[in-house]
Amino acid sequence: DTGVSQDPRHKITKRGQNVTFRCDPISEHNRLYWYRQTLGQGPEFLTYFQNEAQLEKSRLLSDRFSAERPKGSFSTLEIQRTEQGDSAMYLCASSPRPRGGSLSYEQYFGPGTRLTVT
Amino acid sequence: GQNIDQPTEMTATEGAIVQINCTYQTSGFNGLFWYQQHAGEAPTFLSYNVLDGLEEKGRFSSFLSRSKGYSYLLLKELQMKDSASYLCAGGKHFNKFYFGSGTKLNVKP
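Protein chains in written order, with our numbering: chain A, 1 to 118; chain B, 1001 to 1109.
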């Protein structure tokens, strides 16, 4: 399978616990995005990596959220001290590096990790 | 702000043409993107516009007017499998994307 993969697909946790999600982008895609999506809403931007550098982070993201992409390949998203409001689908997407001087703008989304905080 | 507005829901008939509108009130968007999302699945890329005008990709076309803050997605020869949510998104320097809430399209026989 050469698509974006995410692990786990589902996570149920109790309020106050920490959770970590993993995203493996399409091989050699240098751009990686994290989003959060709740029912009936579009994806909400969380953060963006170009290679290993985190270049954008949403102001909506509290300090309980942190993301890393240590070697410019896979990425992790950690939520500390989870709250019920964190229950959502967490989506990862990647985009390829520019070719021939032109950017490729489309994002390829993974299947998501559904988080339920009880 | 980055308000992106789309109709919540639309219904159209198989074989027909449907236009899904998207308006936005922001400056700084470098491109306008359209994604399709079937229930319970991840979004898939359909089309984007960087410049004003119409971009055609098979049965799907997308239009952008940057001065009016307006885009639309045109779906021709509707098929039942086109029943899905259609998401409009603005890209800021392609580092950050703002999605609308999506338009749920119901295609009926």
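Hints are computed from structural coordinates only; laboratory data are not their basis. Any given hint might turn out to be false.
[Claimed, not checked] Calculated pairs, DSBU-like style, for lysine-lysine (alpha carbon to alpha carbon, straight line, at most 35 angstroms):
| hint | chain 1 | residue 1 | chain 2 | residue 2 |
| --- | --- | --- | --- | --- |
| 1 | B | Lys1092 | B | Lys1076 |
| 2 | B | Lys1076 | B | Lys1104 |
| 3 | B | Lys1104 | A | Lys57 |
| 4 | B | Lys1096 | A | Lys57 |
| 5 | A | Lys14 | B | Lys1104 |
| 6 | B | Lys1057 | B | Lys1081 |
| 7 | B | Lys1096 | A | Lys11 |
| 8 | B | Lys1104 | A | Lys71 |
| 9 | B | Lys1068 | A | Lys57 |
| 10 | B | Lys1104 | B | Lys1057 |
| 11 | B | Lys1108 | A | Lys57 |
| 12 | B | Lys1076 | B | Lys1108 |
| 13 | A | Lys11 | B | Lys1081 |
| 14 | B | Lys1081 | B | Lys1104 |
| 15 | B | Lys1104 | A | Lys11 |
| 16 | B | Lys1092 | A | Lys11 |
| 17 | A | Lys14 | A | Lys57 |
| 18 | B | Lys1096 | B | Lys1081 |
| 19 | B | Lys1096 | B | Lys1057 |
| 20 | B | Lys1104 | B | Lys1092 |
| 21 | B | Lys1092 | A | Lys71 |
| 22 | B | Lys1057 | B | Lys1068 |
| 23 | A | Lys14 | B | Lys1096 |
| 24 | B | Lys1076 | B | Lys1057 |
| 25 | A | Lys57 | B | Lys1057 |
| 26 | A | Lys11 | A | Lys57 |
[Claimed, not checked] Stretches of chain B that chain A covers, calculated by requiring three or more beta carbons in the stretch to come under 8 angstroms of a beta carbon on chain A:
| hint | region |
| --- | --- |
| 27 | 1036–1049 |
| 28 | 1061–1073 |
Each residue gets a CB set at the ideal place from its N, CA and C atoms; glycine is no exception.
Hints, one by one, checked against the model:
no.: 1; hint: B:Lys1092 to B:Lys1076; result: 29 angstroms, holds
no.: 2; hint: B:Lys1076 to B:Lys1104; result: 16 angstroms, holds
no.: 3; hint: B:Lys1104 to A:Lys57; result: 29 angstroms, holds
no.: 4; hint: B:Lys1096 to A:Lys57; result: 9 angstroms, holds
no.: 5; hint: A:Lys14 to B:Lys1104; result: 33 angstroms, holds
no.: 6; hint: B:Lys1057 to B:Lys1081; result: 17 angstroms, holds
no.: 7; hint: B:Lys1096 to A:Lys11; result: 26 angstroms, holds
no.: 8; hint: B:Lys1104 to A:Lys71; result: 39 angstroms, violated
no.: 9; hint: B:Lys1068 to A:Lys57; result: 28 angstroms, holds
no.: 10; hint: B:Lys1104 to B:Lys1057; result: 21 angstroms, holds
no.: 11; hint: B:Lys1108 to A:Lys57; result: 41 angstroms, violated
no.: 12; hint: B:Lys1076 to B:Lys1108; result: 14 angstroms, holds
no.: 13; hint: A:Lys11 to B:Lys1081; result: 30 angstroms, holds
no.: 14; hint: B:Lys1081 to B:Lys1104; result: 13 angstroms, holds
no.: 15; hint: B:Lys1104 to A:Lys11; result: 27 angstroms, holds
no.: 16; hint: B:Lys1092 to A:Lys11; result: 31 angstroms, holds
no.: 17; hint: A:Lys14 to A:Lys57; result: 26 angstroms, holds
no.: 18; hint: B:Lys1096 to B:Lys1081; result: 30 angstroms, holds
no.: 19; hint: B:Lys1096 to B:Lys1057; result: 24 angstroms, holds
no.: 20; hint: B:Lys1104 to B:Lys1092; result: 25 angstroms, holds
no.: 21; hint: B:Lys1092 to A:Lys71; result: 25 angstroms, holds
no.: 22; hint: B:Lys1057 to B:Lys1068; result: 23 angstroms, holds
no.: 23; hint: A:Lys14 to B:Lys1096; result: 31 angstroms, holds
no.: 24; hint: B:Lys1076 to B:Lys1057; result: 11 angstroms, holds
no.: 25; hint: A:Lys57 to B:Lys1057; result: 32 angstroms, holds
no.: 26; hint: A:Lys11 to A:Lys57; result: 23 angstroms, holds
no.: 27; hint: 1036–1049; result: holds (count 6)
no.: 28; hint: 1061–1073; result: violated (count 0)
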